[in-house]
Amino acid sequence: MVPILIDGIVYGLQLSLLAVGITLIYGLGGVLNLAHGQFAVVAGVAAALLMGNGMGAAPASFLGVAAAGIFGLLIDRSLLVPAYRYRGEERLLLGLVLTLGLSFVIDGYLNLSHPNVSLTIRLPMPSLTVLGITIRSAAVVTSLLAILAFGLLFLFLRGTLLGKAIRSIIQNEVGAELCGISPSRTRTLIVALSGLLAGLAGVAQGLFSSLGTEMGVEFTILALIVAVVGGVRSINGTFVAGILLGVVNALASYYMGAYVTLIILLGAAMLTILIRPSGLLAYWT
Amino acid sequence: MARYATLLLVGVILALVPLTTGGSPYYSRITTLMLVLMVYAVAFNMLFGHTKQLFLCLGALAGSSAYLSVVLTRELGLSPWATIPLGILVAGFLGGLFSYVSVRRGLGVIFLGVVTLAFSLIFYNLVLGLRELTNGETGIVTQGLGAGILEGPRSSYYMLFALLMIALVLYSALMSSRVGVAFRALSDDELTAELAGIDVTRYKVIAATVGSLLMGAGGAFYAYYTGLISPALFSLISVDIVVLITLVFGGMGSLVGPVLGGAAVTVIDELVRPFGQLNVLVYGALLIVLFLAFRGGLVAVLRKTAKLPIP
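As they're listed, the protein sequences go chains W and D.
Numbered according to the numbering used here, the first sequence spans residues 1 to 285.
Numbered according to the numbering used here, the second sequence spans residues 1001 to 1311.
In isolation and in its complexed conformation, chain W is listed as follows (with noise of 0.2 Å):
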């Protein structure tokens, strides 16, 4: 039992990374980024590439992590202009539909030049012991990572002038602007700030086993997941959330299988939907 709950909340501290840019993109811009998961493949494969091109592990995924940062910021500066012209749903409806539409550009266009390209990084030290418990290796650091990118994203929110901003924005848009701030320059710094946290996540994917070409979709399925169960403007509730269907994916997975676990999962945040659409956890957290 205590094995399999490490496994969930180690899984879950990564679904919180992978899904945390979603919230921050929705909460913030007001687009609802269904290409999500393909800025952590996008710096998952630029890892890969560079490590084939004979690079060290460690200064690869810098890179690629960095990578997917510049590649939210070109987004956010290109594709997503013309949605920000609109507010409200009409900014909602055509940000859902560009960025799905970029989703597909990023799976064809990598499936077609980089089809066998994939990610998988060791660790000198496969697993540790303790207190009884053998843990891989590659848990502990991916959990430190993920924690670390947590505390400092929440210390950024919270301690500086700059996190003050963007939370008001994230509270209201046109009284920010009122206040004297440029949604659009916090916004690009947002989504490339999401880039950086999904591009960790798929580096993450790398060191957990390996991180394909083809995984764009099932990581914004996840995220998305995460994000709607955690009540999509709440990087709070998005935290514990993806704890929490870690460990619940943890447990299913152990008890009932693949399908059913997903199924369950996808149930979890259809229900979030219809019964609290502004999140499981809107009133704890």
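Hint data in this document are derived by calculation from the structure and do not stem from the laboratory.
Derived lysine to aspartate or glutamate pairs resembling EDC-like cross-links, with alpha carbons at most 16 Å apart:
(1) D:1052 - D:1189
(2) W:164 - W:177
(3) D:1052 - W:89
(4) D:1052 - D:1190
(5) D:1052 - W:90
(6) D:1052 - D:1188
Output of the computed footprint for chain D on chain W, the stretches with three or more beta carbons under 8 Å from beta carbons of chain D:
(7) 81-95
(8) 102-109
(9) 262-268
Residues from chain W that keep clear of chain D, each with C-beta distances beyond 10 Å, as calculated:
(10) 134
(11) 141
(12) 171
(13) 172
Using N, Cα and C, we set each Cβ at its ideal position, and we do this for glycine too.
Chain D: place on chain W using the hints.
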């Protein structure tokens, strides 16, 4: 009047298509699949073109109807003609239910999109998981289950042609009745429509139910025509994206838009086919370009250049 003249013209042109293909099985298959796509696009036009309900489970609706009918036919030894209506009704019920819940719960574009997307993935995984009934990824052979008229090349073309014409006639009848007036009002502004005394819930559910019934009919006919059904045939990329592109390319909210779009997308699909996996990339790019620069579709272009009042 223009509406009936156009319907007649579309009917005559499509009825003559099999004569021009000269019995080649290749072209016969392409043109029949084009009709399926047109039926889907007419259905989606009601959902999205008129009432702005972005369903991301078109493939799953068509697939639910197809799988229900095929599995019942195979397991219970029934005639396909007894199970097809059942499949269609279930698809209509599901679509109506999604719409009702979304309007009642006040779900916006995003949440309806996520709920229907989740349904579409649940459907996909159920079909994969219920291996004893569905054969999982391998799929079920539907040939020889008794839907003879849907299996021959020419007869199947005319069956789907009949379905498309029924869909188009139904569409124009709806649009020239009170329902059409309500659709136009609520697609402009839902709140204003509500204040003017239009029951928004009712008309959105009507649009979703009729659209989903048509998706179900298209899916079931397609299942028996194509000879082998597998979950991949009803996935997001093979149905939803293509139908979205078809509708926007042809022209949303118009009678002939789905027909023009269906023809155009069929041609594009044939052009890309030799390049294998390229179609995913092309469809993604098309989706972006169409929504940014071509939102009126072919119908708007024709209206402008030929100065015709195309319905």
